Amino acid sequence: MIEFLLNGQIEKPDHIDPNLSILEWLRTKMRLTGTKEGCASGDCGACTVITGTPGESGDILYQAINSCITPMASLHGKELVTIEAFQQEPGHPVQSCMVEQHGAQCGFCTPGIVMSLTALHANRKEGGTSNDQILEALSGNLCRCTGYRPIVAASHQAMVEEWQPEPGHPAAGMANRATTAPLAGIHRNSFTLNMPEGSRYDAPVSLHELRALRREAPYSRLVAGGTDLMLEVTQQLNTLDHLISLERIPELQGCVLDDNELVIGAATTYHQLRGPLCELWPAFDAMLERLGSLQIRNRGTLGGNIANASPIGDMPPPLIALGATLVLDGPEGERKLPLEEFFQGYKQTSLQPGEFVHSVRVPVPEVNEALYIYKVSKRLDDDISAVLGAFHLTVDNGVVRACRLAFGGMAAIPARAPHAEAALTGQPWNEESLQAALTALADDFSPLSDVRASSGYRLQVAGNLLRRTLLASTSLPGEQLMVTDYA
Amino acid sequence: MRKLPLNTPAPAHSARGLAGHSVKHDSAWKHVSGQARYIDDMPTPEGILHAAVGQSEQAHARIVSMDLDAVRQYPGVIAVITAKDVPGHLDIGPVFPGDPVLADNIVEYIGQPVFAVAATSHEAARKAAKLAKVEYEALDAVVTVTQALNKEFFVRPSQTQQRGQPDQALAQAPNRLSGEQFVGGQEHFYLEGQASLAEPTEDRGMFVHTSSQHPSEVQKLVAEVLGLPIHEVHAEVRRMGGGFGGKETQAAPVACIAALLANATNRPVKYRLSRPDDMIQTGKRHDFYNTYDIGFDDDGLILGADLMVAGRCGNSPDLSDAIVDRAMFHADNAYYLDQARVTGHRCKTHTVSNTAFRGFGGPQGMMIIEHAMDDIARHLGRDPLDIRKLNLYRPGRDTTHYGQTIEQHVLPELLEKLEASSDYRKRRSDITAFNQSSPILKRGLALTPVKFGISFTAKHLNQAGALVNIYTDGSIDVNHGGTEMGQGLYIKIAQVVASAFQIDVERVKVSATRTDKVPNTSPTAASSGSDLNGMAALDACEKILGGLTEFASSHWSVAPEDVTFANNQVQINDLKIPWATFIQTAYMNRIPLSSSGFYATPKIHYDPKTGTGHPFLYYSNCAACSEVVVDTLTGEYRVLRTDILFDAGRSLNPEIDIGQIEGGFVQGMGWLTTEELVYSDGGKLLTTGPATYKIPAVSDCPPDLRVALLENSPNREATVFHSKAVGEPPLMLGIAVWSALRDAISSITNYQFSPPLDTPATPERVLAAVTASQAWHNQHKETA
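Chains as they are written, first to last, in my numbering: chain W, 1 to 487; chain A, 488 to 1271.
Just chain A, same shape as in the assembly (with noise of 0.2 Å):
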């Protein structure tokens, strides 16, 4: 073994960059420099090939016949599969069956894959496909979430959550409305598309690089379409450019294509889809149809509430299942609804299967129930934040219709800091002034809060793995299951690992994610990477201190407790021994350097079948104040200011999570704004690239952002130091503009009449809600 270099920094007064620290992202300079590597980016295997699919022109359809000559003719091409030619499992479904990795017979929506082809060039594979000759039988397409509800055609059954007796509190509450809203879907628009690279290995077994959120997923998929043992196939993971829930199981359709073809020609394949493919041939957040029917006193108080959420699932259950249900327990959002009753259905359409998309339906059930409020607030006469706040979920109220006690009350603190830290009385009644004198530009303020459930609701992902190394030198290499996207989740791991050994974050290094370190993870999902990823690395160093503070305390013979770690030092009473001096002593003592590490999430459960239980471990808060104005001729807007609080316990990272803040907050009203997928009646997708798919850009942005994190609010449970989820929850922030349009435009009736304002509010949508507004507006001005 060599000797240590003898320039070792002296050890600081306090480890640098430890958790709690606005350390910047491990791979900042990479990304700012062009040298982060991204699967396209990568150098590329001798004989590499390049795929590309032939997409199905139908919704739904029998293939009577496939002639692939040209296919197979065009220069540059090495082999052309289909389903046929799929030597082991051709369903990859994730959780149930319905997703042949190859159209067999059957197609189910316009772009899914039917053959698939390998050639010399991205370029020849891409013409080349172009090429087939298929002939169609064309079966009933059903595209609209509507007529897939009017048919009951479903991907699951349907669930009801059910708390006392809605129906009568509905008869007998004093005052009762309903109403009905699309909420539509959204494009992950991830900037690096779905790639995947394929090795065969000299097992025939393969090696995937893959832009997956879940490489176990990857890696059992591609095993099983191989008729491979599992550990014959691994994935491996260094970073997306984005996957926003896109890339969970999106990418494993991607990864199997090309070790398909990986397999049939014994070369290395690179499969990555252009923008346009990728918009058609990979699923999207689900579009919902929901409705209400609630009952409130004269107060605004909730008696009863059914509630119905309908998501538009596509060809095939996919996460739907799961997403659907978020939908149903965040059709809550924050607020106690008494007597009620949730229903959620899983509509089969011919299109695309939708996927997850941050948030997971849950967005989507929100947005039911704060379409409500805002209807409650106007029939009353009444502030819609004064709603809000009076319906929140408080001690005494705090049971959801699933039957899960709330049990830490941040949001009814949160919501008054935000009102004031936002100005928000003051601004609402220079808003109202504004209005009355500004006929053409109307401005719009709205407070909305949040609450999300942070676990997987399926039960068996809440585990994590972890593996950490310390090397010779001291520095540590650290694995584990969760995935970099962009989230910050590798260096506040990092940042977990340098203080659980109280050394500087510059010694550890997380490295790319491989099934082959860290066996069967969960996807990096659910806003639950550092909380199930973080735990697992933190036992693995547990584990690996026990070893070191027993060995400490035997070999310089003091009590365990005589034995600390601080300062990038280990104390032994009066014995300081800097970190890597004591690291090459462990070894030279034949102390182990290595360990696992393991985390499973304790508390929670839920009987699908009582529609209760306790499906998360806590709940992330967080409200928004945005303020926006609205052209009444056009319809066209601009969001003026938000202020976000956001309770993120004691944040590993603030700055990372001020960024997953701001970015999920844009994301969100992106979603409920500009974002708009359109499809023609047949089934096909007219919106396939960023000319037409428009997400914010920077303008949108609103030039006035403020984004505080809530201060002395360590999460009660015993999550990594305390820390609290932040990936999915800010998303739903962006309810605030597309309540604040709906505020601005009920002003021309003086709001008194609430505007229907289905999503995205499109300047278009918004010009409707304005002439209907008008509309009402004259008519009892008239009848007045």
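Isolated chain W, as found in the complex (with noise of 0.2 Å):
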């Protein structure tokens, strides 16, 4: 059984079907409305809840995430925040400027995006809250009426105010950030639902556990943040029959130092891992700021990235630009191997049965090492990339010592282009070798033509990503290159 705090009360709802989401519950088997599902894919964000969810110091970590991908058994000693706890007039200072603002037309995203913006207020900093910060905290959550500009200025207008909850309130932990007692004790214990048809989600608590479960059950399907694997339950109508759920390992969390790597635990989230890589390769921040949604961004992980091995993810292409390298995890054992030569075709990888990814080693940058990364997409925000280029550059006195040229989009999985590589490697960072490489691209791909871009557009892009990092390489500092430069 699972135990929670639904909007201050705790839950422990009986019978969870583990393919089950949480916009499904609430709507469904509790009532609760007012959260609305937009896609059931995770793309447009009404269905944008707030989940707490206790850390180490005691803290609670508030986050905006998307209900209609999250499976309800994950919420397990969490707190969940649904826009029924704000249903008290005068409301959260968010409600109030929202109204104020006219940022509600037909209001159907709307408690969405008050989820969102709430989030951000309790998240907010002294100092003030950026405009950046902003349209990234609404990145998720997509609006057919207003065209954005009054929900933007409602934000501005909210984060400056303080919210000071009557004591009770249903989302009072949210503005006095103190551990909820009854959350701490229940959260690291581990779970398995069984569901009386045979859907099985097993929660384990340390690696140990979960190797055991995985040599018992090698064909398991193992979810962290779920965020594209609960799409084949809410699009494809499938069932999952047996889960295992990442989330609760210690050991498959966060980032530390090891021998000049930077070893990143595959079930780190985008969010616990932007700030420690890119302290180290700045070039991860503009992609990461484009990857997905807040809301996805809180729930992905990059083993979910990596394991699931499509064509168009964007976090493989930079980090086999960097040479990191895979830990695989199993019943026989651990062993490493360089991260491009998991990838064996479209969505192939080269994990056994049983095996799972336990982290990501990434370099740390030597002297003259460069990472550019470019994301190309239709939209700037939540969008999928047409052509993703990681170029990792070793240019000494002017002379390219070393390359690695990586790029998302371009064929059935992440891939190098050693053709391009080896007419840049050794000669001078310049057009000349530039052409030579360009030319050299055409032998690298031949891309597929899709919904995103055509084979032409794609392999036209590529060879341009590559000249934007001679330009960029070779630029003056403030010179604006890209549109993304405008802010």
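These aren't lab readings, by the way, just hints derived from the structure by calculation. Predicted, not measured: the structure shown is a model, and the values here were computed from it. Take these hints with a grain of salt, some might be off.
[Unchecked claim] Listed next, the stretches of chain A that the computed footprint assigns to chain W, with coverage defined by at least 3 CB atoms under 8 Å from CB atoms of chain W:
# : segment
1 : 613-621
2 : 723-729
3 : 969-976
4 : 1117-1126
5 : 1248-1258
We treat Cβ as the ideally placed atom computed from N, Cα and C, and that holds for glycine.
With the hints as a guide, bring the two chains together.
Laid out in structure tokens, this is it:
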């Protein structure tokens, strides 16, 4: 049985189907209909709710997430805050400012927007909230009526207002940030859900337990954030028979420096890894801001992005460019392999039955090394890449000593461009070498045409991103090279 | 009758929230607190079932056999119905036949409902619907607008509007240009998908809760499929989670299927579409293929034009006749074409039947003339704004190609004002200088006008009814034929009623739109919601006021002129009676406190045979100036700033209107930029959700967005308090973004070449235009 707080009240629901989303439970079992379904695929944000996760230090991390693609079982030991916590007037400053600014028209996306902004409000720091932070908080909330201007205006207004809930307010924890006592005790327990029809969900709390479960059920599906996996349930109407959650295993969480490498646990969310990774490799920052939405980055994990083996996952190309190593674990013990060798074909990996991704080891930068990451998609916010180029160059006295050029969206797997790399290596880093590399690039890839882009566009852009790299590496500080340089 | 509460608030100096004030949306608090109910949020009636349909997998085929056993046997399934089980009419085409509620023998698009399932859960219904075994015999399918055009495969006859001798004018013109464009379609992407809840009544009739812009049509069509007189069926719409035209006709099939299943099971049935099903099963904005052939003098003044617009209608007429008409009516946008021919084709394809979408064909028609404006400017080496201004309708050049005279010349002044307030000329020269020194990033600027005709072109739809009830405490319930989809219609109508009686708007409540309160209503569409229903409500108020004034005059023995309504009071000479007290007195004296109201738009007529008439009561006018930056390496771009000046007449609610303008602009920008519908060659929609179909997100809103309403511009027509319509016109302001993109790309050739740029102008299409411009530049550099 799972146990969590719903708007301040303890819930211990029986018979939770492992495939059941938080949204379905709220709307159909609890008839709490303030949280809306707009797409059931984590792309529109109408279903946004806030989860509070107790951390090591006793703090609770409040995050906006997409309830439509988050399994109910993931709520165990957490706090769930929905729009129903905010139904007493005068409400939260976010609500009064939204009213004040005419931030709602049809109102259907509005509860989700209020949730996203309420989470931002709870997490705002001294010194104010920037426009960028507001846009980031809203990046996963689509509104079809307003054009967003009044919502952004309401956000600015609300972020400078204090919220002081009455004691006993259903979301009081978000204001006083104290660990809610009932949560602390139950959070680390492992549990198993078994449905009469045979569906099962295990939530182990140690690597040891996970290994045992995987040995016993090597074809079980691993769920970390579930931001892609759950689409099989909500979009394809499949039933996932056996899920094993990686969310609660400390060994798979977090980032540590070890032997000149940053080791990132497979179940580390984008939110958690962004700081440590960008400190070493700042080029990740702009890309991570555009990987999914904030709701997705609060749930999605590095291991999921890799093991999912999508040709358009955004993390593998830059990690391949950096020469990252993958640590796999399983019944036969631990093994390491270069990340680029992990991908075998479209959605095919070298994972053996029972094996799982344990962590990723990212080298720290050496002198003269630089990394460039460029994501190209139709829309800036929350869009899947048409092409992603990641270029890792060691340039010494104007000569390319080493380079690793990796792309997403150019082949069935994230892949390097060996011909282009060969054309550049040992050559001066200039227009002439670039031309040679561009010619060679045509031998490296023959991309597909699909709904995101044509083959021809992908090839042209892949080359132009390499050109952008040359321009960026030789540009003056403050020179604008990308449209995103305009705030 | 109980006594009035003693704590009735003292009358304010002036009643609050009258027309002209920026009152908040009546559901604002409910919206932000999640308490506004949409169809799927309503308490579920006892025994409710959930619906799903089996969809055609073929674009055009004969159904050879259909094995539904596995569907019927799936746990939870209560009923499965096919076309044979429809007791009444099968065809629910809204204007012309062609839309069977369930496919009968022939399927005409991928996704067409072929059977319907009712089950005890939404999930069971959807899973069961996938289990059918349907055998098809494939027939030839036509998928694209050009395929249909080449075959002259049309859902309705083509039409032509002609004035003068365009061929002669073109032949004699000193300059002549021609061009073509593909203008993409658009998914409505209302956040609330289509949904209906049908409940059988005790008389074997049906009560339908529907998310529809047209409850009267839902009522009529549900009655027809069930074979019932219309009065046995009623429909109610409290609100929609967005409509945008997508719930004008497209809500009806959903309601009809729910009603058919409810009828078959005698249980309440809810049918709500999942996002992919909604995108696959329901119609969208028509994509168009347009061409122009234009002659002009050396200043750029148009002398003659031959324009062709061809819309992809999909498999049935739906509203396409009127949509292509409106494209033809707007192929001139704001410009006098002189000798002109406009031809419109309604192309039939084996894809879902396209439908109304904010602008209703007008935007697609305007695109061809705006394309030409840019091309003429490049050809003559002039600023496109100068060409646009030169060709604006103005006194002496004021008759459209369909013979309507423009009576209010708003745009010449409006454009001058926007040109000044947006600092157009200064920014133009800054941008030109920037582009000369910036090899990779190019900036572009464009200022484009919109003139949009207000009235339904189907004349009979220009009517409305309302019902105003005053209760004995002075509170008022208003019901009218318009529906609330977020646009703020309810609060505007409440303001109109409050103004009529000069009482606080809080005393007026607009209740859910219902077919048994106001009958035979028109859809809330064509930007007409407040124009039509506001006037109908005002008519009802005036009837009540007439009775009240007469009563006061006789009761207090004063002349009727001495009775005035102001400040929540009725003033009878020196006697001031609080509103509620007065109403109670009127009640005690048996004076009617309720009335219906009616309105029919005057002046309008159009003869499709001659292609001439006066189809619009007036025109709505506005303009936008947009600045963009384009990356010539990837085709990525951003909109940096947009200035909008909009003529809302004497606005009923300025901030609600500004909300419509901003939202419409961003929606129009999305239509022309990131929103790409992709079909397979076989006619299957591939972009079936927000993961692949990208409507604007928060970062797409221009960081600098300045919207102003044109001041001192009351409507010269007798509209409600001389306001002007605001729903659709702002969508077409998005054209400024598209034109600015072309402007940025054109800088590559020093503004000599006008790059073709079909829409949506995705980064890929922008990069293709960049590449074409670079090639042109290199070629002309070499030959020069």
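| message | Please list, smallest to largest, the hint numbers that this structure does not respect. | response | none
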